[in-house]
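Respectively, the protein sequence lines represent chains A and B. The opening position of the first sequence corresponds to residue 379 in the numbering used here, with each subsequent residue numbered one higher. The opening position of the second sequence corresponds to residue 3 in the numbering used here, with each subsequent residue numbered one higher.
Simulated from the structure, these hints should not be mistaken for lab results. Just so it is clear, the structure is predicted and the values come from calculations on it, not from any experiment. Ideal Cβ placement from N, Cα and C applies to all residues, glycine included. Some hints could be false.
Derived, one-sided and incomplete: chain A residues facing chain B with beta-carbon distance under 10 Å [as the list claims (entries may be wrong)]:
{"no.": "1", "residue": "Ala404"}
{"no.": "2", "residue": "Leu415"}
{"no.": "3", "residue": "Ala419"}
{"no.": "4", "residue": "Pro433"}
Footprint (simulated), chain B over chain A, 3 or more residues, beta carbon under 8 Å [stated by the list, open to error]:
{"no.": "5", "stretch": "389 to 403"}
{"no.": "6", "stretch": "423 to 432"}
The residues making up each chain are set out below.
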Amino acid sequence: MTGNLDAEIYVATAAGMLELDLAPVAREAVAANLANLRRMAGVFMSLDLGDDVDPAPVFWP
Amino acid sequence: MTVLAVSAAEIAMAVRSGKLKAANVAEQALARVADRDPAINAFTAVLAERAMADARAVDAAVAAGRDPGPLAGVPFAVKNLFDIKGVTTLAGSTIDADRPPAKADATAVKRLKAAGAVLVGALNMDEYAYGFSTENAHYGPTHNPHDPSRIAGGSSGGSAAAVAAGMVPITLGSDTNGSIRVPAALCGVFGLKPTFGRLSRRGVRPFVHSLDHIGPFARTARDLALTYDALQGRDPLDPMSAPRPVEPAMPKLDTPPTGLRVGVLCGWFERFASAEVVDAVWVTAKGLGGGQRVELEGAEMARAAAFCLSGAEGGALHLASLRARYDDFDPAVRDRLLAGALQPAAWPAKAQRVRRWFLEQALDLFGRFDVLLAPATPFTAPPIGQTSLTVDGVELPIRANLGLYTQPLSFIGLPVVAVPLVRQGRMPAGVQIIGAPWREDLLLRVAAWLEREGVVGAGKELVTAEGS
Chain A
379 MTGNLDAEIY
389 VATAAGMLEL
399 DLAPVAREAV
409 AANLANLRRM
419 AGVFMSLDLG
429 DDVDPAPVFW
439 P
Chain B
3 MTVLAVSAAE
13 IAMAVRSGKL
23 KAANVAEQAL
33 ARVADRDPAI
43 NAFTAVLAER
53 AMADARAVDA
63 AVAAGRDPGP
73 LAGVPFAVKN
83 LFDIKGVTTL
93 AGSTIDADRP
103 PAKADATAVK
113 RLKAAGAVLV
123 GALNMDEYAY
133 GFSTENAHYG
143 PTHNPHDPSR
153 IAGGSSGGSA
163 AAVAAGMVPI
173 TLGSDTNGSI
183 RVPAALCGVF
193 GLKPTFGRLS
203 RRGVRPFVHS
213 LDHIGPFART
223 ARDLALTYDA
233 LQGRDPLDPM
243 SAPRPVEPAM
253 PKLDTPPTGL
263 RVGVLCGWFE
273 RFASAEVVDA
283 VWVTAKGLGG
293 GQRVELEGAE
303 MARAAAFCLS
313 GAEGGALHLA
323 SLRARYDDFD
333 PAVRDRLLAG
343 ALQPAAWPAK
353 AQRVRRWFLE
363 QALDLFGRFD
373 VLLAPATPFT
383 APPIGQTSLT
393 VDGVELPIRA
403 NLGLYTQPLS
413 FIGLPVVAVP
423 LVRQGRMPAG
433 VQIIGAPWRE
443 DLLLRVAAWL
453 EREGVVGAGK
463 ELVTAEGS
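Extracted from the complex, chain A is given alone in its bound form:
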């Protein structure tokens, strides 16, 4: 995953979408955690899976 990202702007925007009123001081800590998630996602997002690989279900239909 490449490119610059202003994580705090993302956090403020995304939080607003979820109607979370985050104080500016909180955005930094959340942004740091989000950066960690982004790093984790980078580990598996590029794994090429065929269309026949379904998600693992949460329920038994």
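Mind docking chain B on chain A? Use the hints.
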């Protein structure tokens, strides 16, 4: 010597035969908790009245010639994530302390009661189960009974510590990414994370619906198997309860596991591993006649995917509280939940497909091996309050890395027994014995065999010591 120095199986046998009164056992357990828990902080609630009433009911059953159950008179306690009738389910938080008391026991609690076990109390945990250390910002840290300056692990730290300290012989905890296996390893006791869907989660507060499991802790493999058998059975009230029959582990528990094909997971499962835990794994393999090194492809991706999925589902679950009660969270938990809720949807969506793919990699290995071994944690219990430590010259954040080896396995719901190696002068280490789906019976047989051979075990010093 206290009756609690013996196993749950021995207590049950004595109560069933009338040689021991359940009320006497309950009194001793309550006294033991009062004596030891101030130094350990495993319990958040002690239910003395209920314990004595339940114990007297067991004694009445015995006196009337009725079968009191396979766990007759055995004291137990549960992580404060499990509903207990008339008690508020804290889930390690102060926010949930404002909820009304539970209207009914969780299914697992009901089943242990039906087996004759006596509930003594509720146990400390990481807030909302989102942690590996039980350093709870509201209720204090749970201390490791082997060295109270060190963590008990988490998130079921109270459950592991209560058993390790000999306060009760069995407890229940939950495991989403390692929360049974990590504290079992750090506290030097046995823990079982069963196959996903094996044991009912009804009445247990969720953390990650896709990944939550419940399971027991005990000081012996036999006690673990006894408790597991009492918990089994499809629960129509739990939509994730698998349509499997009861498959008891006890009948063949003492049959030696001959001809086992043992794989020792390397690669990811050696990353950042201390010499102690690597040694523990190979000592265990040797006890089984040796093991072949084998790599489980995709373990790092599975761990990362579990990380994202946990954040997404956990964050979404607590969104209302994050809006309304922001300041009442443990900040470390809160900021992770928030980040999880804000991540792009594509990440957890892809994670669910990675889960399917990784399961296929693991099932392929079980075509060649009967059991796989791996360390439960990269290192033994660090001091309370320490945030990082250096392994092989690399500085690692402790909390995030305690679940390195457990997360990939719970991600795909494989059954795992964590077995303890308790050695004098050293902190305990734990080894994961991993099986194919639904093969808890084999894992428990292997654990029982290793214990009989003296390769693994919880040790007796903490249980037989008098006083705090």
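These are the hints, each one checked on the structure:
1. Checking A:Ala404 against chain B by beta carbon gives a least distance of about 7 Å; that is within 10 Å, so the hint holds.
2. Given the 10 Å rule on beta carbons, the hint for A:Leu415 holds: about 5 Å separates it from the nearest Cβ of chain B.
3. For A:Ala419, the shortest C-beta to C-beta distance to chain B is roughly 4 Å, which falls under 10 Å, so the interface hint holds.
4. Proximity of A:Pro433 to chain B holds as hinted, the smallest CB-CB distance being about 4 Å (cut-off 10 Å).
5. Coverage of the stretch 389 to 403 of chain A by chain B holds in this model, with 8 residues showing a Cβ closer than 8 Å to a Cβ of that chain against a need of three.
6. Coverage of a stretch by a chain is defined here by at least three residues with a beta carbon nearer than 8 Å to that chain's beta carbons; for the stretch 423 to 432 of chain A and chain B the count is 5, and the condition holds.
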